[in-house]
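Those protein sequence lines, which keep their order, are chains A and B.
Start counting the first sequence at 1; every next residue gets the next number (the working numbering).
Start counting the second sequence at 1001; every next residue gets the next number (the working numbering).
Heads up, some of the hints might be wrong.
Covered stretches of chain A (chain B as the covering partner; in silico rule of three or more C-beta atoms under 8 Å from a C-beta of chain B) [as the list claims (entries may be wrong)]:
hint : segment
1    : 15 to 21
2    : 43 to 49
3    : 245 to 251
4    : 333 to 347
5    : 488 to 501
6    : 599 to 608
Because the hints were derived from the structure by calculation, they are not lab data.
The beta-carbon is built from N, C-alpha and C at its ideal position, and this holds for glycine as well.
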Amino acid sequence: MSTSTTEFERHEHDVLVIGAGGAGLRAAIEASADGASVGLVCKSLLGKAHTVMAEGGVAAALGYVEPKDNWKVHFRDTMKGGRYLNQWRMAQLHAMEAPDRVKELEDWGALFDRTADGRILQRNFGGHKYPRLAHVGDRTGLEMIRTLQQHGIHCGMQVYMECTVTRLLVDGDRVRGAFGYWRENGRFVVFHAKAVVLATGGIGRAFRINSNSWECTGDGQALAYLAGAELMDMEFMQFHPTGMVWPPSVRGTLITEGVRGEGGTLRNKDQKRVMFDYIPELYANETASTEEEADRWLRSTGVKLSAAGESSGNPKRTPDLLPRDIVARAIYSEVKAGRGSPHGGVFLDIYSRRSPEDIKRKLPAMYHQFKELGDVDITKESMEVGPTAHYTMGGIRVDPETQESRIKGLFAAGECAAGMHGSNRLGGNSLSDLLVFGRIAGLHAAKYAKSTGTPRLDDAEIEACSREALAPFERAEGPNPFVLHEDLKDKMQTYVGIIRNEGDLKKGLENLGRIGEAVSRVKVDGNRHFNAAWHQAFDMRNMLVVSEAMAQAALLRKESRGGHAREDHPDMDKGHYAKVNIVARKTPTGMHVEEVPYADPPAEIKAVLDEKE
Amino acid sequence: MADKATLKIFRGDKEGGELKSYDVETYPGMVVLDAVHDVQAKQEPSLAVRWNCKAGRCGSCSAEINGRPSLMCMTRMSRFPEGEPITVTPMRSFPVIKDLVTDVSANFAMAKKVPPFKPPPRQADGTYRMQQEDIDRIQEFRKCIECFLCQNVCHVIRDHHSPQFAGPRFLIYLAGLDMHPLDTLDRRELVKDEFKVGLCNITKCCTEVCPEHIHITDNGIIPLKERVADDYYDPVRWLMRKMGGGSGKEKARLPIVDDDVAKTRSATPAAKRGDAE
């Protein structure tokens, strides 16, 4: 008997939020506050999402440390960091609203580190002109998710933990819910909803060396794509410059940019400070050219370096805090030139720069992490660091005002949405992104839900979802999804990694085709009761969709910009590619990738961009 | 130079189970979670284990390793004597769902019982002013990653099954709210009567297992007990409280909690194979 394929639990909501990291929680809070009935689904337990890994801080032009800071400066920094491919309206909304979103967290109990006069302390970060990152030591993400969680559970939302969504339910161009299963027992569940917000985070698990947790498998991007929405800017993958490189067990684990924000510096095996040789023209007039000037700038912003020195004059920024794409490629080049550290990275020193007490106080998690996992005491020795796949700038293409995709009632926010960061995200802008756009998505999802009736479910659609979900158990034989995942990580790392070229990308696509075919034949043993291999089978389907979009878009963009570097097209194009975004969508014959014109900002916004302080 | 280690992992569910042995190849820096993943990928694809960040930040991979409550991702294989098997079992105070995964939903239900933070209006310039030294202690409590290892070792929870008792995790949450410079609610009566702080007998087992090294007992629970005791058993404070002066804070009530935490898990039993049972 196979009647259970149509047996399922059903839950009805105005707004269903998929993903309970910062963006999902913030969306759910907003929609609940607006009176909507909200369901919040997450693959893990509540409060475990990858947001907990965010370390350095949340960027907001509060102006508490540097009164000259304001939204316009933050907007300019963000657009420049993204090399002007950001959806300008999103970058504008983000810069304008981030301060209120951070203050709101204080209203809900968050305790950020304080300035001497008792306000929120802000720290330096790459690409941010002024100290701008509100933070709690190096565990800012944990503070944020816990605050959102502790506030959210009292807002009336229903939380569905350890539940995997395998398909969105759509009626033509309109969303009507989602299909999934409980991880605990494999039972199917149908969420019947007027509006759906996707907030599922990134795709780091597709790479061999990455900083991401197991959940970051591109679920939202894949669900949206399979339902008919578009993906945009997928070629832009952020490789964070500083992941751990040794021991192998923790290769890729994140080391916060806050280490450099607190005065840390990158050195090669000759103990030479690396970044002075890699200052690009775009940042030349705002970056220090000597070590003395760089240190003077750090002191002038309040960093208490252990070596005494000047803090006067009008020093320029340290190149250690250039945007992430530049620093990551600098490390890659140093290692390639044979000037790397013993395990294939470069050195990151904080011990020579700050007192042990300061290090333990400002960077407690880093101290702990290196001590426990790497046998390194960062108050006495250098860290070894190298690039690690960290963040996807690309994602679901959304309307900048509402975060709605081209499917009615389907919204996206946070890392799984595209547009805010252009070709490269500045550190600290993801935590503010998820607050600002989580709220906007929740608001508009609730508004949309109010304006529409409940869509009808379709038994045939649900039946198809159920068949797809059960297929891995039905096959007599087939590949092991864990083995395929190892294969995918290697191929993405090798062919679609930090430095790309046409030949590699084509090889990458061939391999993705092969792995994709194998994933469609995956065989899973055992029952549906918390079955890791079964879960992995769906993660693989999703990662392949997103990986293919990434490789296709990377092949199409014949230039180097932000998180997309082509050794066969090493320069940033000032013409054609400066004015297009790349979009991927599903067609009956497979994935279609095309260029769409970049929407230029209006005159008043151009004026803000051109303004000199 | 592949070295080997043997893991004995609990396989089973709430009906029972057994320890099964698995050999894995070890490598530099390997942690127990790596070894469990290796078993999952190469030997037992259906092996159930929770994990997320693999960096000691999310508190998902709690288990008992050779009987000691630990995060699997922060426990190095090299810590154990060569040649001796390493036993990995689920947290014993929570019902087993499958293998190393336990039902920790009671903690999420407890979280909903705590009346949330309630601030006063902002100052005229739109800020809240707090001195760093006034929040250092609470920031220590807020390092909690909710691994629930403290709840797992707590004698009151483990041996006495007192469902009302908040447990160390939520007592430090309550302590943090009580010490929050901005909070306007007085939860002390609830701490005493509803969350049963008095049941804690300060054996400090929770502090010993905390992977974040939070001084749960010394910095959290003991001061909380003292504050409650002062309020209720110090005659002057008692009188002030009776006369309505007290802390000057608004008295907190338990939030109205429906039973929806139960609904966060499916009520139906596990499906067997792919199709029908």
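Hint check, failures only
Of the numbered hints given earlier, those the structure breaks are 1, 4, 5, 6, listed in rising order.
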